[in-house]
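Please take these sequences and the hints and turn them into a complete structure.
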Amino acid sequence: MDLNSIYTELIMEHSQHSHNHHHLDCPSHSMRGHNPSCGDDITLELKVVEGIIEDASFTGLGCAISKASTSMMIDLIKGKSVEEALELVSVFIGMIKREITDEAELEVLEDALALQNISNMPARVKCAVLAWHTLKQSLEEKE
Amino acid sequence: MDGRSITEIRKDFPSLTLSANGKPLVYLDNAATTQKPFRVIASLKDYYERSNANPHRGAHYLSIMATEAYESSREVVRAFINAWSSREIIFTRNATESLNLLAHSYGMTNIKEGDEIVISILEHHSNLIPWQQLAKAKKAQLKYLYVDSEGQVKDEEIYTKITDKTKLVSITHISNALGTVTPVKRIIDFAHEKGAVVIVDGSQSVPHIKLDVKALDADFLVFSGHKMLGPMGIGVLYGKEKLLEAMPPFLFGGDMIEYVHEQETTFAELPFKLEAGTQNVEGALGLKEAILYLEKLGMDRIEAMEKELTAYAFERLSELPIIELYGPRDLSKRSSVISFNVKDVHPHDTASIMDAYGVAIRAGHHCAQPLMRYMNLNATARASFYFYNTKDEIDIFIDSLKNVRKWLGYGS
Ligand SMILES: Cc1ncc(COP(=O)(O)O)c(C=O)c1O
Ligand SMILES: [Zn+2]
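Going down the list, the sequences are from chains D and V.
First residue of the first sequence: 2, per the working numbering; consecutive thereafter.
First residue of the second sequence: 84, per the working numbering; consecutive thereafter.
Any given hint could turn out to be false.
In silico DMTMM-like links for lysine to aspartate or glutamate, alpha-carbon gap of 20 Å or less [as the list claims (entries may be wrong)]:
| no. | chain 1 | residue 1 | chain 2 | residue 2 |
| --- | --- | --- | --- | --- |
| 1 | V | K489 | D | D3 |
| 2 | V | K426 | D | E14 |
| 3 | V | K489 | D | E10 |
| 4 | V | K474 | V | E386 |
| 5 | V | K485 | D | D3 |
| 6 | V | K106 | D | E10 |
| 7 | V | K106 | V | D438 |
| 8 | V | K268 | V | D295 |
| 9 | V | K268 | V | E240 |
| 10 | V | K426 | D | D42 |
| 11 | V | K323 | V | E180 |
| 12 | V | K297 | V | E276 |
| 13 | D | K127 | V | D438 |
| 14 | D | K81 | D | D42 |
| 15 | V | K293 | V | E158 |
| 16 | V | K244 | V | D272 |
| 17 | V | K474 | V | E196 |
| 18 | V | K379 | V | E196 |
| 19 | V | K277 | V | E386 |
| 20 | V | K277 | V | E240 |
| 21 | V | K489 | D | E14 |
| 22 | V | K323 | V | E276 |
Calculated directly from the structure, the hints in this document are not laboratory data.
Quantities reported herein were computed from a predicted structural model and do not represent experimental measurements.
This is the structure in structure tokens:
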């Protein structure tokens with residue numbers, strides 16, 4: 002395993018000083034996601050107005066992978082519709098499960114594409130997908 | 084005692100020569116499970132090649148061989164912990180099953196509404212949930228012995244929490260999360276004064292130190308074979324004969340009966356009464372070989388080797404300002420388990436980065452969530468040694484640790 006392909010600068014940037022790590026003023030959605038086995042514990046907040054995710058943020062504790070993944074996801078979904086966000090979740094999960102490998106298809110993930118190599122680290126897959134599962138759960142619960 | 088050098092000893096373990104991620108494997112996850120010597124591995128193959136049959140059931144040659152393999156293993160376990168009789172040695176799958184057996188069989192019959200069960204906050208979930216669920220089922224009260232900031236059970240906790248209402252105390256001898264050695268003898272003596280029965284979770288002590296159930300006067304002792312060079316899937320429950328005798332069977336079926344009628348059954352005597360169905364004979368045999376290996380090396384030598392390793396690792400870790408150490412500072416009060424964190428780094432990242440250097444450590448809550456919450460820790464990294472580890476390996480461990488923060492973008 003090559004650490005350079007996992008702990009990239011982009012991932013460090015998102016995990017250490019994420020501009021998305023804060024509370025929202027009046028979130029319409031708030032959902033906790035946690036991996037009991039390792040202690041990743043994040044709460045995702047969303048402000049959805051008329052089917053559009055106007056704002057999103059997160060709080061909580063976690064490893065670098067889970068925090069970077071959460072922050073990248075938030076950048077990606079801001080301004081998107083709920084349907085678009087759910088579609089991005091399935092592309093991301095597909096990438097991690099190696100069900101989607103076509104680079105062109107994965108481009109929609111933008112920065113989150115940097116997490117592709119996590120699929121080589123089975124022990125850390127849960128960390129990478131935590132935020133995405135939490136987002137899906139949060140959006141579907143409120144529907 | 085075996086006078087061989089560590090280099091010779093390591094040659095007994097095929098997996099210690101493995102590479103991990105292109106680096107020589109440094110296996111420091113021994114509290115989770117240990118590697119196995121040739122002798123244990125060979126015994127499993129040998130059993131299936133030469134002695135395999137269903138023990139206790141047939142009058143034929145192979146069945147007698149299998150019975151002898153299984154029962155001689157029981158005797159080796161008895162001698163190892165110095166029990167009075169091999170009737171007191173029950174084979175289970177692991178420490179977890181031994182504890183569940185006790186909760187169901189001993190607990191369900193002896194614990195009544197209003198009784199108190201005392202455990203410590205150090206317990207592994209295996210020695211916590213069975214008692215929590217029993218207490219709920221019986222409307223009994225589950226009480227905890229709390230620890231100080233270094234994870235030591237406080238004396239006043241022992242003398243105030245264990246009372247005349249206490250029927251059962253179940254206590255770990257050594258914490259798998261912090262490495263604390265508990266004052267188990269003091270707890271047993273005081274609990275006995277109050278008329279309570281004491282279970283000792285020896286999962287982290289039996290593999291590392293000489294344990295004598297007579298000297299300790301433990302009523303029950305549980306441990307797992309896989310943490311002491313043996314195969315997975317074999318564990319032990321020791322119990323004083325008088326107590327085991329009075330316990331109802333835990334599982335029903337073949338091998339544990341005397342006479343079965345349409346509406347009634349009489350049960351076999353100890354230890355068979357508590358071992359239903361075809362047992363893990365290969366596992367028992369592997370555990371026997373593991374114990375013979377440990378005894379040949381000598382438990383005193385093992386303890387001394389690990390003390391030296393732990394002291395060395397502790398000293399080197401203490402020199403690193405980036406490391407936060409948990410558990411006792413006094414080395415005489417800790418075992419070969421060291422829990423720590425690298426400053427600003429989540430232990431999961433630490434473990435992944437160490438893995439890239441070939442160093443196997445554990446990260447997380449170590450199956451002790453109430454303890455972590457009590458100590459205000461989210462998760463920790465844990466290195467745990469066995470006698471086959473070396474100072475050179477600890478040097479690799481330390482050098483790799485020094486690199487962790489760099490990978491996460493910190494200057495040093
Ligand atoms: C103190 C302690 N108790 C119980 C157990 C459970 O052991 P097993 O999973 O082999 O049943 C462990 C294993 O980690 C342990 O460390
Ligand atoms: Zn994680």
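Tell me the numbers of any earlier hints that the structure contravenes, in ascending order. Of the numbered hints, 6, 14, 17, 18 and 19 do not hold.
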